[in-house]
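Protein chains: 2
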Amino acid sequence: MRKVALELGYDGSQYVGWQRQENGRSIQQTIEDTVERLFHERVHLMGSGRTDAGVHARGQVAAMELQHTIAAEQLVRALNANLPLDIRIYRAWEADPDFHPRFQAKRKTYAYRFLQAEVMPPEYRRYYTLIRGSLNMEKMQQALSSLEGEHDFAAFRSAGGINLSTVRRIDEAVLLDDGEGKRIEITGNGFLYNMVRIIAGTMFEIGRGKLDPSIVEQALQNGQREILGPTAPPQGLMLMKVEYDEKRI
Amino acid sequence: MRKVALELGYDGSQYVGWQRQENGRSIQQTIEDTVERLFHERVHLMGSGRTDAGVHARGQVAAMELQHTIAAEQLVRALNANLPLDIRIYRAWEADPDFHPRFQAKRKTYAYRFLQAEVMPPEYRRYYTLIRGSLNMEKMQQALSSLEGEHDFAAFRSAGGINLSTVRRIDEAVLLDDGEGKRIEITGNGFLYNMVRIIAGTMFEIGRGKLDPSIVEQALQNGQREILGPTAPPQGLMLMKVEYDEKRI
Numbered sequence: 009m010r011k012v013a014l015e016l017g018y019d020g021s022q023y024v025g026w027q028r029q030e031n032g033r034s035i036q037q038t039i040e041d042t043v044e045r046l047f048h049e050r051v052h053l054m055g056s057g058r059t060d061a062g063v064h065a066r067g068q069v070a071a072m073e074l075q076h077t078i079a080a081e082q083l084v085r086a087l088n089a090n091l092p093l094d095i096r097i098y099r100a101w102e103a104d105p106d107f108h109p110r111f112q113a114k115r116k117t118y119a120y121r122f123l124q125a126e127v128m129p130p131e132y133r134r135y136y137t138l139i140r141g142s143l144n145m146e147k148m149q150q151a152l153s154s155l156e157g158e159h160d161f162a163a164f165r166s167a168g169g170i171n172l173s174t175v176r177r178i179d180e181a182v183l184l185d186d187g188e189g190k191r192i193e194i195t196g197n198g199f200l201y202n203m204v205r206i207i208a209g210t211m212f213e214i215g216r217g218k219l220d221p222s223i224v225e226q227a228l229q230n231g232q233r234e235i236l237g238p239t240a241p242p243q244g245l246m247l248m249k250v251e252y253d254e255k256r257i
Numbered sequence: 009m010r011k012v013a014l015e016l017g018y019d020g021s022q023y024v025g026w027q028r029q030e031n032g033r034s035i036q037q038t039i040e041d042t043v044e045r046l047f048h049e050r051v052h053l054m055g056s057g058r059t060d061a062g063v064h065a066r067g068q069v070a071a072m073e074l075q076h077t078i079a080a081e082q083l084v085r086a087l088n089a090n091l092p093l094d095i096r097i098y099r100a101w102e103a104d105p106d107f108h109p110r111f112q113a114k115r116k117t118y119a120y121r122f123l124q125a126e127v128m129p130p131e132y133r134r135y136y137t138l139i140r141g142s143l144n145m146e147k148m149q150q151a152l153s154s155l156e157g158e159h160d161f162a163a164f165r166s167a168g169g170i171n172l173s174t175v176r177r178i179d180e181a182v183l184l185d186d187g188e189g190k191r192i193e194i195t196g197n198g199f200l201y202n203m204v205r206i207i208a209g210t211m212f213e214i215g216r217g218k219l220d221p222s223i224v225e226q227a228l229q230n231g232q233r234e235i236l237g238p239t240a241p242p243q244g245l246m247l248m249k250v251e252y253d254e255k256r257i
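Sequence lines, in order, name chains S and V.
The first sequence runs 9 to 257 under the working numbering.
The second sequence runs 9 to 257 under the working numbering.
Just to be clear, a hint being listed does not mean it is correct.
Same chains, same names: a pair is fine if it fits in one copy or spans any two.
Below, computed lysine to any residue pairings styled on SDA-like, alpha-carbon distance capped at 25 Å [to be verified]:
#1 Lys249 / His48
#2 Lys147 / Pro238
#3 Lys218 / Ser142
#4 Lys114 / Asp60
#5 Lys249 / Arg140
#6 Lys249 / Gly187
#7 Lys11 / Pro105
#8 Lys249 / Met128
#9 Lys147 / Leu74
#10 Lys249 / Arg133
#11 Lys218 / Gln112
#12 Lys114 / Ser21
#13 Lys147 / Ala86
#14 Lys249 / Gly141
#15 Lys249 / Glu126
#16 Lys218 / Leu91
#17 Lys249 / Glu188
#18 Lys249 / Val127
#19 Lys114 / Ile223
#20 Lys114 / Ala86
#21 Lys249 / Ala125
Treat the hints as calculated values from the structure; they're not laboratory data.
The shape of chain S in the complex, shown without the other chains (with noise of 0.2 Å):
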């Protein structure tokens, strides 16, 4: 059986998220049954990972057991010309029969993009969250750059998550400008459970003297969520990238 990868880029704005459920449309389901009525094939769309209801992404890997023998390319415009405009395929490949896009990404990027203004301007309402107030951005990078390396990130996740281990590896947490807006992107090898939406409210209280940057710190040592800000609202966050060993794609 052939293995197809997809890197697809959707809009979360309208979907319970990533994964099947019984409460609403979401992503998977959209293109599993898309393939369905195209090939005629019940398919399991595997992707590198949930994302929760609202959240976007750019560069989202999944990979299917297909035997259809449409060629990869064909396959992208056929499901681009049978998607809803809020999920496209940027590129399908052949990949390993063995190619599992969960376990075997090696590492993947996420931003989480901010608007400072008093009134949200509309165009940014599905994308951005609006920041009211003036943030120090310099104690906001400062704050990042104390993530980076491999801690144990038990106080950065929310009830619900599935790893029993906490320990991570980030390769970069920066503040970038993003046109009007800004963003906080982060690299590691694997985020826990609304890791990155916690990392983005604790930044914004940081970024409003709330909280002292050394509180990202005392949290990797102690582990305690509460001292932490709020997790940040979801249309903020974008998975942006995933990134595999080149042999595994």
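Fit chain V to the supplied structure of chain S, relying on the hints for placement.
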């Protein structure tokens, strides 16, 4: 009677345009209905100009006569608390009783935004136009520059325009980076119906090498709409700013 002016933004995706129409919900009507619900007063909200279905605004200016004595600052909060999130009021102020947002507008700035990619990333689909393949930016900028000055823009107008004179003054027409995308930004003393979208459609043809930059000067000379490019789609267009004599506002 007091006259209250508003500076506002909207995502035009879900509207038939600025102006009240039979065939669907307009921005104007949505705001007028909200004022009526809040203050039990039927107002007429006059905008600086119409925008078509799917066209957005960042800095539209509008004004209405209002009997209610609510302070301008509170009016902003009351409207934003009751309007849908795709319409936002940025500012309200007491205007001269004879303030007329359309007749007294001195300059307007429009942006036409586009993204060069093979597949449209979902989060850009409502606000950018997708351009596949490469564009020659130098030729586009050269053609844009030739629009500057006072000219007869008769060729740059769609049927349905209401203006008698087709002479307008363009103060600046430039190509700018806009995050991942780009934008054509044009400031002038007035714009004919679909003028910016015809300019944008023509620039894309020039960028692709299908039209020569000199086509702009030809069209300004001979007034022939048909030698220019197609009217670019509405979603790339945004009314950025409307300027008035300071004493007027």
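- prompt: Is the C-alpha distance from Lys114 to Ile223 at most 25 Å within one copy, between copies, in both cases, or in neither?
  reply: Cα proximity of Lys114 and Ile223: none, with 28 Å in one copy and 52 Å across.
With identical chains treated as interchangeable, where does the CA-CA distance between Lys147 and Ala86 reach 25 Å or less: within a copy, between copies, both, or neither?
-> Answer is neither: 48 Å inside a copy and 35 Å across each miss the 25 Å cutoff.
Between the shortest in-copy and the shortest cross-copy C-alpha distance, which are at most 25 Å for Lys114 and Asp60: within, between, both, or neither? Within one copy, since 21 Å is at most 25 Å while 47 Å is not.
message: At most 25 Å between alpha carbons: which applies to Lys249 and Gly141, within, between, both or neither?
response: between (31 Å within a copy, 23 Å between copies)
Could you figure out if Lys218 and Ser142 sit no more than 25 Å apart (CA to CA) within one copy, between two copies, both or neither? within (12 Å within a copy, 48 Å between copies)
Homomeric proximity label, Lys11 with Pro105: Cα distance no greater than 25 Å = Cα proximity of Lys11 and Pro105: one copy only (5 Å, versus 70 Å across).
* If the cutoff is 25 Å on CA atoms, where do Lys249 and Glu188 land: within, between, both or neither? Let me know, please. => both (22 Å within a copy, 16 Å between copies)
Classify it for me, Lys249 with Glu126: is the Cα-Cα distance of at most 25 Å met within a copy, between copies, both or neither? between (31 Å within a copy, 18 Å between copies)
* **Intra- versus inter-subunit Cα pairing at 25 Å for Lys249 with His48** => For Lys249 and His48, the Cα distance exceeds 25 Å both inside one copy (30 Å) and across copies (52 Å).
With 25 Å as the alpha-carbon cut-off, assign the pair Lys218 and Gln112 to within, between, both or neither. neither (39 Å within a copy, 46 Å between copies)
Using 25 Å as the alpha-carbon threshold, which applies to Lys249 and Ala125: within, between, both, or neither? between (28 Å within a copy, 17 Å between copies)
- [ ] Can you give me the call for Lys218 and Leu91, within, between, both or neither, at a CA distance of at most 25 Å?
- [x] For Lys218 and Leu91, neither the intra-copy (44 Å) nor the inter-copy (32 Å) Cα distance is at most 25 Å.
Hints 1, 9, 11, 12, 13, 16, 19 and 20 from the list above are not met by this structure, while the remaining hints are.
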